[in-house]
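Given the coordinates of chain A, work out where chain B should sit on it, guided by the hints.
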Amino acid sequence: MGKATVIPFGPQHPVLPEPLHLDLVVEDEKVVEAIPQIGFVHRGLEKLVETKDYNQFVYVAERICGICAMGHSLGYAETVEQLMGVEVPKRAQYLRVIWHELSRIHSHILWLGLAADAFGFESMFMHCWRLRERVLTLFEKTTGGRVILSVVCVGGVVRDIDDAQMAEVISVLEGITDEYLQIMNTLISDYSVKNRTVGVGYLSHEDALELSMVGPFARASNVNYDVRQFGKGAYGDLSDFQPILSNEGDCYGRVVVRCKEVLQSIDIIKELAAKMPAGDIAVPVKGAPAADAEACNVLEQPRGECYYYARGNGSKYLERMRMRTPTSQNIAGMVKALDGCDFADVNMIVLTIDPCISCTER
Amino acid sequence: MTSFKLGGMTFGSLFKKPETCQYPAEKKEAPVGLRGHIVIDEDKCILCGICQKACPCDAINVDRKGRIWAIYSFHCILCDSCVRACPRQALSTSPDLKSVTTGKFESVSFIPDPKVDKA
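Residue numbers (our numbering), protein chains in the order written: chain A, 164 to 525; chain B, 37 to 155.
The set of hints was computed from the structure by calculation and includes no laboratory data.
Among the hints, erroneous ones may be present.
[Claimed, not checked] Distance condition first, Cα-Cα at most 27 angstroms in a straight line; then the derived BS3-like pairs of lysine-lysine: (1) B:101 x B:140; (2) B:63 x B:53; (3) B:151 x A:304; (4) A:166 x A:499; (5) A:304 x B:134; (6) A:304 x B:53; (7) A:304 x B:64; (8) B:63 x B:134; (9) A:423 x A:357; (10) A:166 x A:304; (11) B:52 x A:210; (12) B:134 x B:41; (13) A:193 x A:166; (14) A:479 x B:89; (15) B:52 x B:63; (16) B:41 x B:52; (17) A:479 x A:253; (18) A:210 x A:357; (19) A:449 x B:41; (20) A:395 x A:433; (21) A:210 x A:499; (22) A:253 x A:438; (23) B:151 x B:63; (24) B:53 x B:64; (25) B:89 x A:215; (26) B:41 x A:423; (27) B:89 x A:357; (28) A:423 x A:395; (29) A:304 x A:438; (30) B:80 x B:134; (31) B:140 x B:151; (32) A:433 x A:215; (33) A:438 x A:449; (34) A:215 x B:140; (35) A:479 x A:449; (36) A:304 x B:41.
Just chain A, same shape as in the assembly (with noise of 0.2 angstroms):
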């Protein structure tokens, strides 16, 4: 048995796109014990929801974090509309799911990409980045913006998609799925990605369970948990969902699970945009929340199960905004796979809990 080393890994770090400090115990390349640390881009935003009406923090909510942007003001919306009594319009339910299925596409190949980049995959992260940049184009023609889209407010959506530009979406979803599927039949076959990560951080059901992991770190120990599978506004609509599953538990299952997500959003979309219905995208919202009410709600962020949490005083400023991420829950996870490991995994480890450090502290 060799001494004990601490190694500080991060908070800058190639691999990390986000700053998420490590201790990690070595004994001879082994990692015996991993100490997470973070709070390097805490900014203070539930905060600030004493400052913002209900309305305008819809734009901070959506600046929590980039790639989440759509996730966090679809969630704090709903939320606020559960506490105001609001029944959004059916048009405004679907537009939001599908622009909610967008950003899970780009995040999933945003995180392929940078997966790739991680055990040295350079072609796979630059093709895996020009696919995303389609989804960012359909962002930038739909909503206006591409990272932050701005689009939702309290009682519905602020700009409509019409039948010829959604007759574009579906285009450029059909164009990507040929190179998409390439991708992944890459991702998922190739023994070197195989040698990376095949039994690499493994999790077991039971463990994933007890840590109360969520999201795609959860489903590849092969916990059956998806937001969207309770069918909430949209997703209700949808002919069938289930979630997708894997039994390995280990690094290749979460790249695989990510990977069947994309085509899974890709199918979702299309149905919505075939069953959109006419009508009105938002309603009028008057008035404030009234004192002591209280909401909270559930959203499947493209990272797992996040949680919203808001009280009102009565005034149209809120008096509490909460929000669980769905990255402060996999931590505990992350820490637990990390547990005898390699010393060279840690990266790919830490990698595909796909850390969002941003969220995470807000």
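Frame of chain A, contents of chain B only:
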């Protein structure tokens, strides 16, 4: 053969148009609805100040006495709240992206006084 799984796609990109462009010499066309920057139609503005109240980040200043409407682009987040709030449709979003600024200053618009114009 597993090493060449991505070969077809990579080889094909030799004959395709480049995905990137030589910015800034060459610029991509901005989509119609792109939120580039806020523009004001001075003739329609009545200096009511509703846009100033709607702005979530205090980027707009309305001075009725001085008949000035000003926007501070460094605060503006292009959320379109002012465009939607304007009762006279004086504000709109232009898809054109402005060039990089050389200093931090407000864009000031002088609103003509209809009474003076009539006189």
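Hints, one by one, checked against the model:
1. Annotation: proposed proximity of residue 101 (chain B) to residue 140 (chain B) holds, straight-line Cα distance about 24 angstroms (limit 27 angstroms).
2. A threshold of 27 angstroms between alpha carbons decides the hint, and for residue 63 (chain B) with residue 53 (chain B) the separation of about 15 angstroms falls inside it, so the pair holds.
3. A C-alpha spacing of about 41 angstroms is found between residue 151 (chain B) and residue 304 (chain A), which places the hinted pair above 27 angstroms, so the restraint is violated.
4. Of the supplied pair hints, the one linking residue 166 (chain A) and residue 499 (chain A) holds, its CA atoms being roughly 22 angstroms apart against a limit of 27 angstroms.
5. Between residue 304 (chain A) and residue 134 (chain B) the alpha-carbon distance is near 18 angstroms, which keeps this suggested pair within the 27 angstroms criterion.
6. Restraint check for residue 304 (chain A) and residue 53 (chain B): the C-alpha separation of about 21 angstroms stays at or below 27 angstroms, so the hint holds.
7. Between residue 304 (chain A) and residue 64 (chain B) the CA atoms are separated by roughly 13 angstroms; this keeps the pair inside 27 angstroms, and the hint holds.
8. A C-alpha spacing of about 12 angstroms is found between residue 63 (chain B) and residue 134 (chain B), which places the hinted pair at or below 27 angstroms, so the restraint holds.
9. Distance hint between residue 423 (chain A) and residue 357 (chain A) is fulfilled; the C-alpha atoms sit about 17 angstroms from each other, no more than 27 angstroms.
10. For the proposed pair residue 166 (chain A) and residue 304 (chain A), the alpha carbon gap of about 57 angstroms is over 27 angstroms, so the pair is violated.
11. A C-alpha spacing of about 50 angstroms is found between residue 52 (chain B) and residue 210 (chain A), which places the hinted pair above 27 angstroms, so the restraint is violated.
12. Of the supplied pair hints, the one linking residue 134 (chain B) and residue 41 (chain B) is violated, its CA atoms being roughly 43 angstroms apart against a limit of 27 angstroms.
13. A C-alpha spacing of about 11 angstroms is found between residue 193 (chain A) and residue 166 (chain A), which places the hinted pair at or below 27 angstroms, so the restraint holds.
14. For the hint linking residue 479 (chain A) to residue 89 (chain B), the alpha-carbon distance of about 14 angstroms falls within 27 angstroms, and the restraint holds.
15. Pair hint residue 52 (chain B) plus residue 63 (chain B) holds up; C-alpha atoms about 19 angstroms apart against a cutoff of 27 angstroms.
16. Between residue 41 (chain B) and residue 52 (chain B) the alpha-carbon distance is near 19 angstroms, which keeps this suggested pair within the 27 angstroms criterion.
17. Between residue 479 (chain A) and residue 253 (chain A), the direct Cα distance comes to roughly 26 angstroms. Compliance with the 27 angstroms bound is thereby established for this hinted pair.
18. Annotation: proposed proximity of residue 210 (chain A) to residue 357 (chain A) is violated, straight-line Cα distance about 44 angstroms (limit 27 angstroms).
19. Restraint check for residue 449 (chain A) and residue 41 (chain B): the C-alpha separation of about 57 angstroms exceeds 27 angstroms, so the hint is violated.
20. For the proposed pair residue 395 (chain A) and residue 433 (chain A), the alpha carbon gap of about 18 angstroms is at most 27 angstroms, so the pair holds.
21. For the hint pairing residue 210 (chain A) with residue 499 (chain A), the CA-to-CA distance comes to about 32 angstroms; that exceeds 27 angstroms, so the pair is violated.
22. Restraint check: the Cα-Cα separation between residue 253 (chain A) and residue 438 (chain A) comes to about 11 angstroms, which is no more than 27 angstroms; the hinted pair holds.
23. Proximity of residue 151 (chain B) to residue 63 (chain B) is assessed by CA-CA distance (about 44 angstroms); at most 27 angstroms being required, the pair is judged violated.
24. With a CA separation close to 14 angstroms, the supplied pair residue 53 (chain B) and residue 64 (chain B) stays within the 27 angstroms bound.
25. Taken as a hint, the residue 89 (chain B) and residue 215 (chain A) pair is honoured in the structure, with Cα atoms around 11 angstroms apart against an allowance of 27 angstroms.
26. Straight-line distance between C-alpha atoms of residue 41 (chain B) and residue 423 (chain A) comes to about 18 angstroms, which keeps the hinted pair within the 27 angstroms bound.
27. The straight-line distance between the Cα atoms of residue 89 (chain B) and residue 357 (chain A) is roughly 56 angstroms, outside the 27 angstroms bound, and the hint therefore fails.
28. In summary, the hint linking residue 423 (chain A) to residue 395 (chain A) is supported, as the alpha carbons are separated by about 22 angstroms, within the 27 angstroms threshold.
29. Our distance criterion of 27 angstroms between C-alpha atoms is met by residue 304 (chain A) and residue 438 (chain A), whose separation comes to about 21 angstroms.
30. Using a Cα cut-off of 27 angstroms, the hinted pair residue 80 (chain B) and residue 134 (chain B) holds, with the two alpha carbons roughly 23 angstroms apart.
31. Distance restraint check for residue 140 (chain B) and residue 151 (chain B): the Cα-Cα separation of roughly 34 angstroms exceeds the 27 angstroms cut-off, and the hinted pair is therefore not satisfied.
32. At most 27 angstroms may separate the alpha-carbon atoms for a hinted pair to count; residue 433 (chain A) and residue 215 (chain A) exceed this at roughly 37 angstroms.
33. A C-alpha spacing of about 30 angstroms is found between residue 438 (chain A) and residue 449 (chain A), which places the hinted pair above 27 angstroms, so the restraint is violated.
34. Annotation: proposed proximity of residue 215 (chain A) to residue 140 (chain B) holds, straight-line Cα distance about 25 angstroms (limit 27 angstroms).
35. Among the hinted pairs, residue 479 (chain A) with residue 449 (chain A) is consistent with the structure: their alpha-carbon atoms are about 10 angstroms apart, no more than 27 angstroms.
36. Taking the CA atoms of residue 304 (chain A) and residue 41 (chain B), the gap is about 33 angstroms. The hint is violated against a cut of 27 angstroms.
Checked against the numbered hints given earlier, this structure breaks hints 3, 10, 11, 12, 18, 19, 21, 23, 27, 31, 32, 33 and 36; the rest are met.
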